[in-house]
Each structure stands twice: as structure tokens, then as C-alpha cells.
Amino acid sequence: MTYVTRGFRRKREESGPPDRVPPGQYLTSDFPVLSAGPTPRVSLDEWSLTVSDRDGETKSWSWSEFLELPRETVTVDIHCVTKWSKLDTVWEGVSIDTLLTDLGEPGSHVLVRSYGGYTTNLPTADVTGGRAWVAFGYGGQALAPEHGGPARLLVPHLYFWKSAKWVNALEFGDFDRRGFWESYGYHNYGDPWLEQRYSGD
Amino acid sequence: MAGAEILGRLTWQLAEVVEVIDENSRARTIVLHCPEWRGHLAGQHIDIRLTAEDGYQAQRSYSIANAPHAERVAITVELVDEGEVSPFLIEELRVGDRFEIRGPIGGYFVWEPAVGGPLQLIGGGSGVVPLIAMMRARAETDDHVQVRYLSSARSFEDILYRAELKRLAEENDGVSVVHTLTRSHPEGWDGPTRRVDRDMLEGHAWSAQLRPLCFVCGPTGFVESVASILVDLGHEPRRIMTERFGPSGG
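Those sequence lines, one after another, are chains A and B. Using this note's numbering, the first residue of the first sequence is number 1, and each one after it goes up by one. Using this note's numbering, the first residue of the second sequence is number 1001, and each one after it goes up by one.
None of these hints come from the bench; they were simulated from the model. There may be inaccurate statements among the hints.
As the list claims (entries may be wrong) - Computed from the model, here is a short list of chain B residues facing chain A with C-beta under 7 Å:
no., residue
1, TYR1056
2, GLU1084
3, PHE1088
4, THR1220
5, VAL1231
6, PRO1237
7, THR1242
The beta carbon of each residue, even a glycine, is placed where N, CA and C say it ideally should be.
With the sequences and hints as input, model every part of the structure.
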């Protein structure tokens, strides 16, 4: 049951295309920031990305090694659980499929770890098959630190907290371990089209 | 840290406006009565859902402004020009109107007296809303957690909760309140008149050696800058909790 609020009405110019703006979201043209603590300071000399498979085999890249990997430019819509959506954002990054090339079976889930201690968890199926990247460019520029630079995960089909900023490690395995916001009551999966904002949605 | 995991499903509950307080020309506090509300932690937020007659719905998130109480939730809404929800809440909503809410949401940017202190609260603009909830939660207990409250506002008129904060500082040994005014200030103003910078934090915030719990909330640029200076001053990143909101929304 819903309740009409006296006097509230739609401002038509604000509603976006319904097939691109999920329920409960509104469009924004700027790029709000949501993070739980200070922006971590990561120097490119010390930066590394480590990916491990279900058997614990690992592969690591320094910044310069990472930039030598095949890169892709993608244009995607992104949706934040705090209700904003942003259409046609342009990113440059390395596909997770590429990172997994020389590793064994990933297993069913991945725990993503970031500089600063942030974590998030996803099913492997949601980060493979061309659905997720480690992005280092945004809008033709280097990714700014407050938006997750040097590099962040990009999983545009899920709420954006899953696209962990300042990514440092992808730990694949057969366990689903809850990440940071997931432990604080946010939804474990986070599909914006099903409005899976909070645990139980 | 005080964990506040959301247990079970967060369902929409109907709330009724029982009081509106115009804080200034661009901000309004809305006090809601919600029979099913079980209380919250200072720093948490709610989602609200407004439904128009044609079925159109809009959702927004707002920080809770009041100390934890059953059945009662207060939010302070700042006007976003050209916004869809905030102009309605500030200019049209009146006592007796009803809309849906769900929450409380968020378990990281929270404080309760049992967590202790000292507390360092730093807010920019309407980023002070979750911080006033912490001040109010503290005021309702008998223990004496030391707290320093630093807010940045554009003008004297824009300072939220000014009279209440003045009273809290006068009545409590352990409370200091400083406002800085960044655009204009009245004649005779004796507080700072610039953006929060390193000197200001060295002068008005707890030193890192005391290991305060720092809560920083405001627009992205404000939070980025303040949190970064706190790290420079030696505060542990894990004791700096941030909440940011951009100029969009509302």
C-alpha cells in the first residue's frame, strides 16, 4: 500500500528514460562521492594489484605492468544506492577476464580489497564475461583519487558501492564473504533494477 | 566501532509531520511521528519516499537530526535549487502531511555514548545534521564525553542549530563549539572567517595525540580537504569517519 503525499508532484524535466534509470533513482550530471573515511594515499611507485584464484595461485602487477595490459574503453550507466544515476559515463580499464587469463579456476565468488581497508563481495559471474573492469581512466582523464584513483573496480550493472575504489586485490574463491557495506546491512548482491538496496530488499 | 547491522527487512513505514522548524530561508527541520519507529543511532539516516497522485514516486536519503527516540524522527533538509524533493519539503509540506520512511540506515558513521571520546565533529553546510544528532545524544546522557564541534557555514544566518549549540557549550564544561563563516560575517563577529584549514584544525580540533574519534560530514571538497589535513596532523585514518554529499540530489 502506498500513500499519496498531499501536494507532491513530478517535475517532468527530471525523469530520465525509464529503460535506463532504475526504480527509485534520479539523474545527476555531476559525480557525487561516497566513502567511509579519508581518501587513501597511494603512490604509483608502491601501487600493486594482486589477483588470486580459488587455489591460491596469485598474479601481481605493478603500475607500469598494469598499464601494459590490453585496455578497453567502455561507456556505461552507473547507479548509486544513495539514489543518483549517471548515464553515458566513459571509462578506460582492464577487463577482469584479462586479469584472470593466466590463472586457474576462479571459483564462485570474489572478495575485493582496497587501499584503506574497504572490501566488497561479488559473484564471479558478475565480474567476468566482459561485465567488470579495473578502471584507471574516467572521461578521458586519469581517475581522480576521490573517485577511486589510481584504479577502481567498475561493475556498472550493480549498485556502485560494489565498484570498489582504490582497488588493491581480487581474491577469488568458493566462499562468499561479506564486504564492508554488506556487513553494515546493505544488500549482499545489489541489483539496481530489483532495487536491492538493503539486506532483505 | 558501534556496529548497527540492519537486521531483517527494512520496510516502509508511514510517518506524519508533527512539527516543522524553519532553521533559515534555505533549511527546514521536519519532525515526524512514526508509531513503528524503534529508535536509531546518532549519525544514521533514513530514506523517504514521496508519492504523487499519479503514482509517481521519488526517494531521497536524509540524515537523522534528533537523538535516538522511539516513534520520533527529525530530519533537516537543505534547499537544492531546481531540486524535485527539497523545494516541496521546505516550501509546501505542513503539519499533518504524511509520507513513507524506512530506516535507520548506516552503521559506520555512527556514535553512541558507550563508544566514548573525545569526539571531534566537523561539518560543512548541512553536513552538520548527523553531528547535531551526536551532540543531542551526548546531551541526553550523564557521562561527560569531551566534544569539539566545528562547523563551516556561508553566513551567520546559515549556521544551523546556532542557539542550541550556544546553550550546550555554555552549560557543559566538556563542549566547545566554533563556527567559521566563509562568505560573509556580521559586524563584531569574533570567530574565524575562512574555510577550514590546517591552522584552524590545529587551533580548534583535538590533537592527534588524544586519539579523538573524528566525524567529518559535508560536501565532497570539504570532506576531502578536512580528512586529508587530519591525516597530515597525525590522526589515524581508521579513526576518521566521513560522510559526503555532493551538490546534486535533493
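Checked hints:
1. TYR1056: Hint holds; TYR1056 of chain B Cβ to chain A Cβ min 4 Å, cut 7 Å.
2. GLU1084: 5 Å, holds
3. PHE1088: Holds, about 5 Å.
4. THR1220: 4 Å, holds
5. VAL1231: With Cβ-Cβ at 5 Å, under 7 Å, it holds.
6. PRO1237: 5 Å, holds
7. THR1242: 6 Å, holds
The structure agrees with every numbered hint stated previously.
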